[in-house]
Amino acid sequence: MFRQSTILLLSSAIALLSTLAQAETLNVRLLMSDSTPPYQQFSTALSQVLAANKVDVTVMESQAGTPQSGEGANAGLVVAVGMKAMELAIAKFDAPVLGVMIPRIGYEILLERHPAYHRSKATSAIYLDQPWDRQLSFIQAALPKHKTVGLLYSPDTHITLPRLPQGMSLNAQSTRPAENFFVALESVLSNSDVLLVIPDSEIYSSSNMRNILLTSYRHQVPLIGISQAYVNAGALGAIFSTPEQLAGQTVEMIVFFARNRRLPEPQHPKLFSISLNQQVARSLGIALDSPEAIRERMNKAGEGRQ
Amino acid sequence: MKKFPHRPFIAVLLAGMSCGSAQAADYPSEQDYLQEFPVVLSASRLSQPISETPNAMTVIDRNMIVASGARNIADVFKLVPSMYVGYADGHTPIVSYRGITDAYARRMQVLVDGRSIYLPILGQVDWAELPLDIGDIDRIEVVRGPSAASHGSNSVQGVINILTRQASGVSQAQASVSKGDAGVSDVSARFGSMGESWDYRVTLASRGDSGFDPMPSVLSIPLNDNHRTQLINTRINYRPTGGDSLDIQLGYSYSSRQLGDQNPTLSSTGIFSTLRDQKVSSDFEQFTWLHTFGGDSDLQLRYYHIGRDTKDERYSLSCATCAFPLNLIASGSYPVFDDAVIHRHDLEMQHTLHTSPSNRVVLGMGARQDSAIAPNNLRYSPTWREYRLFAHDEWRITPASLINIGAMAEKNALGQTHVSPRVSYNYHLTPKNTLRASVSVAYRNPEMMEELGNQSVLLNKVGATQYTWHNISAAGGLSPEKAISREIGYIGQLDEDGSTLDVRVYHDQIGDIIWLDYVANTTNSTVQPKSFQSDFNAFYSGLEGTLNYRLAARSRLTVNYAHQVAGATRSRVSNNASLSPAQNASINASLISYANKYSETVPLNSASLLLSHDFSDGLQLGVGFYHIDPVRSLDAGTLQPLTRYLDLRVAQRFGTKRSKEKGSGSGEIALVVQNALSDHYFDYSSQTRHKRRAYLTATLGL
Numbered sequence: 001m002f003r004q005s006t007i008l009l010l011s012s013a014i015a016l017l018s019t020l021a022q023a024e025t026l027n028v029r030l031l032m033s034d035s036t037p038p039y040q041q042f043s044t045a046l047s048q049v050l051a052a053n054k055v056d057v058t059v060m061e062s063q064a065g066t067p068q069s070g071e072g073a074n075a076g077l078v079v080a081v082g083m084k085a086m087e088l089a090i091a092k093f094d095a096p097v098l099g100v101m102i103p104r105i106g107y108e109i110l111l112e113r114h115p116a117y118h119r120s121k122a123t124s125a126i127y128l129d130q131p132w133d134r135q136l137s138f139i140q141a142a143l144p145k146h147k148t149v150g151l152l153y154s155p156d157t158h159i160t161l162p163r164l165p166q167g168m169s170l171n172a173q174s175t176r177p178a179e180n181f182f183v184a185l186e187s188v189l190s191n192s193d194v195l196l197v198i199p200d201s202e203i204y205s206s207s208n209m210r211n212i213l214l215t216s217y218r219h220q221v222p223l224i225g226i227s228q229a230y231v232n233a234g235a236l237g238a239i240f241s242t243p244e245q246l247a248g249q250t251v252e253m254i255v256f257f258a259r260n261r262r263l264p265e266p267q268h269p270k271l272f273s274i275s276l277n278q279q280v281a282r283s284l285g286i287a288l289d290s291p292e293a294i295r296e297r298m299n300k301a302g303e304g305r306q
Numbered sequence: 001m002k003k004f005p006h007r008p009f010i011a012v013l014l015a016g017m018s019c020g021s022a023q024a025a026d027y028p029s030e031q032d033y034l035q036e037f038p039v040v041l042s043a044s045r046l047s048q049p050i051s052e053t054p055n056a057m058t059v060i061d062r063n064m065i066v067a068s069g070a071r072n073i074a075d076v077f078k079l080v081p082s083m084y085v086g087y088a089d090g091h092t093p094i095v096s097y098r099g100i101t102d103a104y105a106r107r108m109q110v111l112v113d114g115r116s117i118y119l120p121i122l123g124q125v126d127w128a129e130l131p132l133d134i135g136d137i138d139r140i141e142v143v144r145g146p147s148a149a150s151h152g153s154n155s156v157q158g159v160i161n162i163l164t165r166q167a168s169g170v171s172q173a174q175a176s177v178s179k180g181d182a183g184v185s186d187v188s189a190r191f192g193s194m195g196e197s198w199d200y201r202v203t204l205a206s207r208g209d210s211g212f213d214p215m216p217s218v219l220s221i222p223l224n225d226n227h228r229t230q231l232i233n234t235r236i237n238y239r240p241t242g243g244d245s246l247d248i249q250l251g252y253s254y255s256s257r258q259l260g261d262q263n264p265t266l267s268s269t270g271i272f273s274t275l276r277d278q279k280v281s282s283d284f285e286q287f288t289w290l291h292t293f294g295g296d297s298d299l300q301l302r303y304y305h306i307g308r309d310t311k312d313e314r315y316s317l318s319c320a321t322c323a324f325p326l327n328l329i330a331s332g333s334y335p336v337f338d339d340a341v342i343h344r345h346d347l348e349m350q351h352t353l354h355t356s357p358s359n360r361v362v363l364g365m366g367a368r369q370d371s372a373i374a375p376n377n378l379r380y381s382p383t384w385r386e387y388r389l390f391a392h393d394e395w396r397i398t399p400a401s402l403i404n405i406g407a408m409a410e411k412n413a414l415g416q417t418h419v420s421p422r423v424s425y426n427y428h429l430t431p432k433n434t435l436r437a438s439v440s441v442a443y444r445n446p447e448m449m450e451e452l453g454n455q456s457v458l459l460n461k462v463g464a465t466q467y468t469w470h471n472i473s474a475a476g477g478l479s480p481e482k483a484i485s486r487e488i489g490y491i492g493q494l495d496e497d498g499s500t501l502d503v504r505v506y507h508d509q510i511g512d513i514i515w516l517d518y519v520a521n522t523t524n525s526t527v528q529p530k531s532f533q534s535d536f537n538a539f540y541s542g543l544e545g546t547l548n549y550r551l552a553a554r555s556r557l558t559v560n561y562a563h564q565v566a567g568a569t570r571s572r573v574s575n576n577a578s579l580s581p582a583q584n585a586s587i588n589a590s591l592i593s594y595a596n597k598y599s600e601t602v603p604l605n606s607a608s609l610l611l612s613h614d615f616s617d618g619l620q621l622g623v624g625f626y627h628i629d630p631v632r633s634l635d636a637g638t639l640q641p642l643t644r645y646l647d648l649r650v651a652q653r654f655g656t657k658r659s660k661e662k663g664s665g666s667g668e669i670a671l672v673v674q675n676a677l678s679d680h681y682f683d684y685s686s687q688t689r690h691k692r693r694a695y696l697t698a699t700l701g702l
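Those protein sequences? They're chains A and F, same order as listed.
At position 247 of the first sequence (counting the first as 1) the number is 247 in the numbering used here, and the numbers step up by one without a gap.
At position 215 of the second sequence (counting the first as 1) the number is 215 in the numbering used here, and the numbers step up by one without a gap.
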């Protein structure tokens, strides 16, 4: 039902990097927020990429909240998976910390709360969020006729509204689910061509999703989600990075650290998947291209901008 | 992979950014990306786009309903091409697709959230007393053409599918009051709530007016035309798990409607219509359980019950100058109790599944039981059961072509089994231009009155023997009417803003149309009772189209046009041995006369136009214009002349921006002027005069 394109361009990059592996073995502490599937997938993928590319690191895995999670004075680098692990890593470890699978705003808030740490130690991150440019580029490539992007956010959420490319406009509205949420939703839907989901648990909670999807469907306004789960539930499409894709980029960062003993700047995911719900598209009378064709168009548009 | 250029953002850091740092875990986490959701837009919830449906379809959304200024649900259907809307009296609207042969639009299925409100005994929809407020309608889909394969029995010429607000659709409590001409006085209040696993909404409403004025050229006395309906309607949605949803709908209404003639002296046979109040109470209970197996397969189980209790006691006064048999009536009155109690129970199971990305199947089965107690109208109190099996397949053969194929097999209450197939082929010439060709068959089952009708009145003449006058005595043994429909349609997307054009030509044939017998002769000693028989074969041909045009972001224009031609031939030659040759000849002459008039039951041209515009400061304008060429209902007799009228609605929203967001204190004042240009027209009934009617509606969010 859903086509998902997973790109594995990693091997070539990693193969190149592995030749640069240093003599001294780097001890990497992998600190997980949780043992649920997404984190496990990340951990498994990370081991596989490291093994496949003969990167000379030893990885010790532990989970935030367990007794041994704080141990690890000998770690050369901490890879913290998720916000919980990231917070623990900053608090308990002396080694440089690379956060992965964390939202950009979460990372920034955390550093703000630990300014002393930030000054003294190296931290970096691979965000879970797709950059705005990429999301807007996806909407332009997938839905060229949908010019007005609707955005709903709760007043407490932390977002930076994007500057839109030529020809697109933004219809953002702040609302709280407790306060007349549907009036705001209907108002945004009435004046938007597409509704773009943002990571905002107050609005896009599992209890609200049903009504948001049903209402946007009734308004014939497609929803663009932020994960495969949104597409399964009834969003028209989403771009997101899988744990496997993030693991590849993490290995690149680890290798870079092993070589240079410093971490690169925090970055957005380099690789991402495109998922589309063709059934929903058809029902809304929208002709969607294949994910490959959409990606191609996004690449072209990206080149054009540079 | 190319790294995206990091462009400068216009940073809008919201309040929470700076003040939210006090709590330990108060930061966005990755859980927003990792959370799972139940499948919402599952296989059965996704409807086909209009360019891929097997029939032509008209969609009327809530904005159009509001802009039209309609107070009655029936008036909304004026926005459907080829739909006739008229009034038998102030509270008896007639909604009929393909012109009007009589006051009971029998060849159209009418559903509210899947519940059939096309009810026995006569086969009609009583629009005035529905336990449904117009403000709770989310959307109306009108299927133009036979659709038994998807909508069940009696979907012969079309299907009206009214979809009400979801249980979660009322997040703001609201109260509304309307006052205006013709005694218009409506109040309604609605409230609701949305929660983790429960949503509900409740509506209370009371609506009423004093009806129409008499047409001065026909009647010199006022009409007895008041009515009031009070109702409560609720919808509850409960979700025990992510994949299960239970929808409960309950409603009750009580209506009081004035009927009868003010004139105490009755002058023609058959008038038993004295001043009275008809009291109708209606209730329904509907339970729908939807289970979703992943995104590709849904199972739905629905049960509903409709109950309706009518109290209508009419009588005749003595009338020595009346024709036989009313001249038998001596002093005193002879009551006729038109009381009726009906119950409908319906159970249906439906399975929707995507067998592949290019194929969706809907299949299911259902059973219905209709029972009626109407001693003055039916021979006995029947309990009718019917059973149905249906299947429908949407198969995308190539990206540009789609075939819809389906059928319903039903066993009706008379034990007859029929199959109603439908095939349509939709071809996208380009993504924006689609052609559709379709052929379908549908049946209309006889109604209880047609099969079992028995209207008799015991008349007494002083000093003479009693005489029972049989007005109707149905012979029974009827077979369903059969319709075959063929159509070719075009659906075009005109621009990028959602403007569409939908045009079709069709040719429908309906065989064995059931009709009330002509009474052969009346003598001073006997009156031949009327019965129902299959008397005619009819055809309907025409062209109809809808243009939906987005003039600007806040302006919408809808134009509907229909050109209709109809005709009939008699399918029966009366040769009844118990009648004299002269009586048979008289019946045959009347059948031919009816058949000849059949072409007048459709208006040659009809059109409607709705323009809505939102001004930026909360001012809204709605303009509806309607045109209907002359049309004659065979039972009303009088030709309805060319009718044109204009409805206007002007509304102003108020409330500060903040209060709008909060909901409380926001509101709207609307002025509706119906029939703004003319003050003197009539439709179905030549006795009623439609005057200009203005009313004000104030709505407040609480």
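Everything labelled a hint here was simulated from the structure, so no lab data went into it.
Be aware that one or more of the hints could be misleading.
[What the hints assert, rightly or not] Below, simulated DSS-like cross-link-like pairs (lysine-lysine); rule was C-alpha separation at most 25 Å, straight line:
(1) A:K300 to A:K145
(2) F:K311 to F:K411
(3) F:K530 to F:K432
(4) A:K145 to F:K279
(5) A:K147 to F:K279
(6) F:K279 to F:K311
Hints, verified against the model:
| no. | hint | result |
| --- | --- | --- |
| 1 | A:K300 to A:K145 | holds (18 Å) |
| 2 | F:K311 to F:K411 | violated (32 Å) |
| 3 | F:K530 to F:K432 | violated (54 Å) |
| 4 | A:K145 to F:K279 | violated (55 Å) |
| 5 | A:K147 to F:K279 | violated (54 Å) |
| 6 | F:K279 to F:K311 | holds (5 Å) |
When held up to the earlier numbered hints, the structure conflicts with 2, 3, 4 and 5 and fits the remainder.
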